[in-house]
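Enquirer: Listed here are the chains, written in short residue letters.
2 protein chains.
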Amino acid sequence: MLELGTTSTTVVVVIALIALASLAFAMVLRRQVLAAPVGTEKMNDIGQAVQEGASAYLSRQFRTLALFAVVVFGLLFLLPGDGGVRVGRSVAFLVGAGFSAAIGYLGMWLAVRANVRVASAATRPGGRAEGARIAFRTGGVVGMSVVGLGLLGAAGVVLIYQGDAPSVLEGFGFGAALLAMFMRVGGGIFTKAADVGADLVGKVEQGIPEDDPRNAATIADNVGDNVGDCAGMAADLFESYAVTLVAALILGKAVMGEDGLVFPLIVTAIGAVVAVLGVFITRVRGTESGLRAIYRGFYVSAVIGAVLAAVAAFVYLPSSFDGMGGTADLSDVSGDPRIVSGAAVVVGVLLAGVILWVTGYFTGTTSKPTLHVAATSRTGAATVVLSGIGVGFESAVYTAGIIAAAICGVFLIAGGSVWLSLFLVALAGCGLLTTVGVIVAMDTFGPVSDNAQGIYEMAGGASGELGGADDEGAQILTDLDAVGNTTKAITKGIAIATAVLAATALFGSYADAVEKAFDDVDEVGTGLVTSMLDYQIISPVTLVGVILGAATVFLFSGLAVDAVTRAAGAIVYEVRRQFREHPGIMTYQERPEYGRVVDICTRDSLRELATPGLLAAFAPIAVGFGLGVGPLAGFLAGAIGAGVLMAVFLANSGGAWDNAKKIVEDGAYGGKGSPAHEATIIGDTVGDPFKDTAGPAINPLIKVMNLVAVLIAPAVVATSVPADANPVVRIGIAVLAAGIAFGAVIASRLRASRVDREQESEGTAAVGARV
Amino acid sequence: MLELGTTSTTVVVVIALIALASLAFAMVLRRQVLAAPVGTEKMNDIGQAVQEGASAYLSRQFRTLALFAVVVFGLLFLLPGDGGVRVGRSVAFLVGAGFSAAIGYLGMWLAVRANVRVASAATRPGGRAEGARIAFRTGGVVGMSVVGLGLLGAAGVVLIYQGDAPSVLEGFGFGAALLAMFMRVGGGIFTKAADVGADLVGKVEQGIPEDDPRNAATIADNVGDNVGDCAGMAADLFESYAVTLVAALILGKAVMGEDGLVFPLIVTAIGAVVAVLGVFITRVRGTESGLRAIYRGFYVSAVIGAVLAAVAAFVYLPSSFDGMGGTADLSDVSGDPRIVSGAAVVVGVLLAGVILWVTGYFTGTTSKPTLHVAATSRTGAATVVLSGIGVGFESAVYTAGIIAAAICGVFLIAGGSVWLSLFLVALAGCGLLTTVGVIVAMDTFGPVSDNAQGIYEMAGGASGELGGADDEGAQILTDLDAVGNTTKAITKGIAIATAVLAATALFGSYADAVEKAFDDVDEVGTGLVTSMLDYQIISPVTLVGVILGAATVFLFSGLAVDAVTRAAGAIVYEVRRQFREHPGIMTYQERPEYGRVVDICTRDSLRELATPGLLAAFAPIAVGFGLGVGPLAGFLAGAIGAGVLMAVFLANSGGAWDNAKKIVEDGAYGGKGSPAHEATIIGDTVGDPFKDTAGPAINPLIKVMNLVAVLIAPAVVATSVPADANPVVRIGIAVLAAGIAFGAVIASRLRASRVDREQESEGTAAVGARV
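Chains as they are written, first to last, in full-length UniProt numbering: chain S, 1 to 771; chain R, 1 to 771.
None of these hints come from the bench; they were simulated from the model.
Cβ coordinates follow ideal geometry from the N, Cα and C atoms, glycine included.
Heads up, none of these hints are tricks.
25 Å max Cα-Cα, derived PhoX-like pairs, lysine-lysine:
#, chain 1, residue 1, chain 2, residue 2
1, R, Lys203, R, Lys42
2, S, Lys672, S, Lys368
3, R, Lys368, R, Lys662
4, R, Lys203, S, Lys203
5, S, Lys672, R, Lys203
6, S, Lys672, S, Lys203
7, R, Lys672, R, Lys203
8, S, Lys203, R, Lys672
Per label pair, the in silico range of CB-to-CB distance:
#, chain 1, residue 1, chain 2, residue 2, range
9, R, Phe742, S, Arg292, 25 to 33 Å
10, R, Arg580, S, Gly670, 13 to 21 Å
11, R, Pro722, S, Asp519, 33 to 41 Å
12, S, Gly415, R, Ala56, 51 to 59 Å
13, R, Asp336, S, Ile160, 56 to 64 Å
Could you build all of it, start to finish, from the sequences and the hints given here?
Expert: Here is the structure:
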């Protein structure tokens with residue numbers, strides 16, 4: 001086993017200390033956020049209700065997921081491998097899952113406290129800068145925690161397991177990704193079911209404004225922002241961070257030996273330092289838009305990060321690949337490790353910057369595509385939906401093209417060597433992640449300001465109590481909310497880029513795992529088995545793998561969208577019932593039962609979260625054992641290809657619809673209450689589950705499937721390759737896995753039919769009562 | 001060169017005669033259709049206007065495409081290859097394109113004459129059976145012509161070129177596919193721009209019924225049904241037929257030598273015989289639904305076709321692969337050619353049956369998913385759109401899964417041999433195509449009955465002149481139209497299945513072409529070039545290829561949807577203008593200027609058709625020369641994987657929305673004029689460009705890109721592999737191709753901005769005038 005030298009050990013210890021310092025810095029920021037004034041009593045009451053709902057949901061969610069984590073923990077032990085590493089991997093799985101959950105919980109915990117503070121700031125003079133500052137610092141806490149915990153986990157495993165760290169880290173990354181996926185799906189269903197349900201009854205049917213306190217679904221809507229957009233997103237970005245780092249370390253060891261284990265950690269530690277900087281330099285100057293300040297903070301910290309990483313490469317790495325101690329075949333490599341590594345990191349940072357710009361272009365309130373979507377509102381809802389879909393498709397292609405160009409660039413830097421290029425792709429991912437601190441801060445900005453607006457409206461903004469005729473506070477919060485829409489879309493673009501880079505690199509880990517498993521097998525079987533091992537893309541079964549991989553992404557997206565539609569339907573019936581049975585709600589004489597809607601959201605999202613989760617975990621198992629390692633590689637490629645496009649399509653069309661609505665609300669094409677406004681509300685509602693449920697969940701989905709493939713690769717080889725392998729075992733596992741994945745889908749379909757029937761009879765009753 | 005023996009020559013001559021007989025049978029059916037009475041004078045007037053519009057559009061389209069065909073004809077000469085074969089291939093390209101155009105023209109020509117006859121039939125007693133019979137026979141003419149011309153072309157080339165036939169047939173297939181793609185895109189934009197435009201102004205803004213003669217866009221809408229759904233679809237199915245046959249012959253020769261060149265022709269000739277049968281046995285009994293009759297006709301002819309094909313395999317093929325004279329490496333093959341070939345054909349027929357059933361399930365008016373979409377109309381347009389998208393995603397996955405299962409089944413039949421399985425996949429495609437005669441007849445059913453309904457309404461049905469209070473005629477035509485919606489969705493499912501099978505088989509042709517090109521190269525270069533040749537899916541650039549392939553499908557779909565939205569916008573403004581400037585239209589005192597709307601549709605669709613076309617033709621060239629043959633294989637795989645899912649998603653969600661609207665119009669959830677109806681109209685409008693423009697065009701898109709790859713493979717190898725190859729040539733071609741593809745997209749974007757600006761000012765003027 002490879003053991004780290006003294007220098008390397010010292011460096012890794014320093015990195016671990018940087019990780020701890022990041023966490024300490026997060027605590028300092030947290031105190032700053034909490035020190036801000038909390039506003040009026042009414043605001044506090046509402047904030048309290050949101051806090052309770054969010055905590056209750058996350059606690060129930062964690063109880064559900066804990067069971068799942070224990071099962072996976074057990075399953076990991078069944079996989080072949082060395083004893084100590086196996087235990088380490090399983091424990092690391094739990095740690096990764098625990099960190100992911102902790103980050104999610106922290107994000108939610110702070111966001112539900114920051115929202116009232118931002119709302120309160122908006123009522124005071126200078127509220128714009130102050131509100132933006134609190135929202136951004138809240139994000140800073142989460143960002144620093146993501147960086148700190150990710151770095152701490154990786155450095156800790158490297159210190160303990162030395163050369164075996166990569167295998168153990170597979171567990172860490174898998175735990176982080178799996179939990180993040182569930183949180184993304186569950187939280188995403190919660191938040192959008194509440195949002196869509198609230199909009200359908202409130203804005204569309206009753207004609208009352210968004211966030212009107214008479215709407216029983218408003219508290220649930222605000223809870224959703226926190227458990228979905230805050231908790232889910234924080235866990236997701238932590239997972240991106242962890243998995244990219246894991247892929248870099250696995251390939252780093254294979255390509256560069258000890259240096260390859262340490263250098264990626266150095267790059268991400270630089271990211272931590274840069275994040276601190278980014279949080280400090282991002283502040284709104286005078287009346288400039290929040291977006292401008294965020295962009296400035298991002299670009300300045302990205303440039304500094306790139307320069308520092310390049311310097312680190314020259315200081316730390318040797319000038320030749322000879323004797324670096326990697327195990328991969330680098331006979332075709334001739335470059336200078338310092339130059340190629342530094343260049344790869346710079347490509348990653350550049351990629352982040354370009355994606356930021358492109359996503360901002362496609363979803364910003366002042367850019368052509370969004371203005372185009374807003375303009376189509378003059379010909380009705382159908383053209384709004386169509387133009388948004390067009391914008392989404394197109395922007396997905398550009399984003400995918402840019403990511404592809406980055407990979408090609410790295411491939412050229414590697415001089416065409418497959419193994420070196422795989423490692424450099426992972427390094428580019430690390431480069432991209434040096435900006436993650438600022439990115440998380442940007443993203444958290446969205447839900448916090450959205451929530452603040454909601455609380456402001458409910459606490460008297462809607463009835464004119466707070467701001468009066470010239471309601472500056474409301475305008476500030478609306479502006480911040482629009483900035484949040486764009487930053488949320490940008491974060492999704494960056495997250496999917498990390499997913500593609502990490503997944504591409506994990507492809508290498510997968511091939512590495514397959515190769516090692518082959519070394520353990522003496523005799524190789526023939527016939528069908530040979531084809532199963534064929535990575536060649538022209539084999540029909542590999543192509544079948546590609547089709548199935550793409551199909552999994554479509555099915556996953558469809559399940560997520562369906563779950564939201566269904567849960568939103570349940571909420572519509574509940575809110576309608578409250579309006580019907582308690583006519584006093586409309587005249588402010590009765591208080592709606594907010595809690596019942598929160599309960600429905602909680603129940604439905606926990607019920608719906610299992611199906612996509614099981615699909616993601618078991619589909620690669622079914623393909624791997626059923627069709628072989630070649631088709632499984634095809635499966636992953638298909639999932640990555642379709643996944644990146646689908647994720648960006650869903651995120652950007654949703655973002656464009658949301659901001660097109662804002663454009664109309666700001667007075668274009670008739671403004672609020674006009675037919676154009678109604679059309680954009682429909683577009684926005686369609687976009688809700690696109691951009692906040694299905695789209696962002698694809699990012700962890702891709703990584704979960706890749707990691708499952710890496711983990712099962714040795715078992716697939718062991719059950720299929722040896723001449724005396726019993727095909728019954730292999731096919732049995734495949735059938736079982738397919739049964740679980742498919743069974744979950746069927747169960748969800750049956751539940752859907754039942755809900756349809758229930759709503760059918762309830763609906764008739766409701767219509768009867770209204771008539 | 002391989003020369004055919006006497007027996008084979010005789011068989012091929014017989015097949016050519018069967019092809020001619022099919023064409024003669026089509027003429028007989030045509031006479032039957034034309035013999036039916038043409039109805040009232042008013043019907044005839046309207047029919048005449050539709051005929052003129054459709055002929056004018058197709059003529060202009062063919063003039064535009066002729067130029068394009070000449071350019072491609074020239075480019076084909078630039079490719080490396082043997083002189084005689086090169087000339088043959090270029091000529092075959094023109095013949096394929098010409099046949100495709102001829103079939104399209106014929107489909108349109110007959111449909112615009114059949115529509116008035118169906119409308120007229122509906123006014124008479126027994127109209128249901130008679131109307132269905134005329135519509136189905138019209139389809140029969142097109143179906144028999146597709147089969148006849150496809151078989152004639154392939155048999156002719158085999159007789160003339162003997163063993164060189166496969167290379168020449170590449171040109172035939174390419175011509176057919178390229179022309180079909182343009183006709184699908186152009187016709188698709190025309191038909192849906194008119195449809196969406198008519199609906200937006202008529203149904204949504206003015207509250208007048210569909211097909212109301214006061215709406216200036218109604219004639220254009222009916223013209224569109226003919227140039228899009230009839231002409232485009234007929235060309236598309238001809239192309240499916242031709243390309244599948246081409247792939248089967250290329251691989252057949254490689255695997256089975258002479259027998260492999262003849263057997264696929266035998267299978268498709270059986271399809272011709274079966275089609276005649278299918279057309280005769282499909283007749284509506286008493287009051288049964290048209291769909292039931294069509295299903296019966298399909299299943300009976302499919303079973304007969306499968307049995308006959310299996311018999312043919314046992315009679316014609318030898319019992320062992322030894323000495324069959326193929327060039328592919330079959331050392332890993334041990335089966336009986338009669339059994340494996342027969343079984344593959346049966347798998348293809350089964351596949352057609354299963355897809356028919358699944359698509360019918362997801363889009364039929366009485367099945368759960370469509371009822372679910374209709375039920376979501378109670379909570380508004382947003383939930384209708386979302387549930388339709390959910391249904392589309394899910395059904396796409398099942399369809400893709402079924403196709404994947406069929407390929408896996410064939411792979412198992414082939415005992416895991418890559419080359420044999422590729423040929424058998426193509427044979428399964430031929431098996432699937434034995435049902436194409438009935439399928440085409442089914443599909444044509446849709447637009448003809450849609451048109452008939454339109455003519456009926458315009459000729460007095462809408463004002464009650466024709467049917468009176470108990471308007472049985474209108475009800476018959478509405479029923480036929482609903483059947484048409486489902487059969488259209490089914491045809492699209494079948495078409496995409498043939499696309500996947502043909503493309504999978506073409507993958508084999510591609511690898512074959514690359515291998516042969518390698519044999520011509522003495523020295524092999526190193527470094528980057530080695531990676532470019534790597535088919536291994538784990539190489540990062542191959543993965544980039546997969547991403548770019550999927551991206552091309554998304555971009556193509558986005559461009560098609562955008563083009564429709566834009567053109568529909570132009571029509572909305574035109575119709576609004578006519579209503580504004582000629583108030584007498586609303587009171588039936590003035591006649592709208594139908595011709596102007598037809599002109600706008602013609603102009604816009606011809607202008608918009610170039611961009612997706614250039615993208616499809618040049619993207620694979622850019623990837624091939626830019627990244628190499630391995631990434632190009634990845635590109636094709638990504639396009640197939642994303643393409644099949646996207647195509648089915650778009651087709652089925654569109655079909656479900658259309659029929660959900662019909663369910664509401666039949667009285668559910670408040671019926672016509674209710675908020676639920678309005679919600680489903682929005683869903684249907686969103687679905688229009690999905691199901692009739694973007695979705696169906698993906699089918700020829702996939703094949704065009706595959707055939708381009710097969711054609712350029714030798715040139716890619718020749719410009720990159722030899723050690724002394726000049727990279728400037730290769731990269732120059734790549735940059736040029738990327739420039740053309742990307743330039744077309746940019747040009748389309750600039751045009752879009754201009755249209756936006758124009759509509760912005762016109763829109764303001766219009767609003768001003770209305771106020």
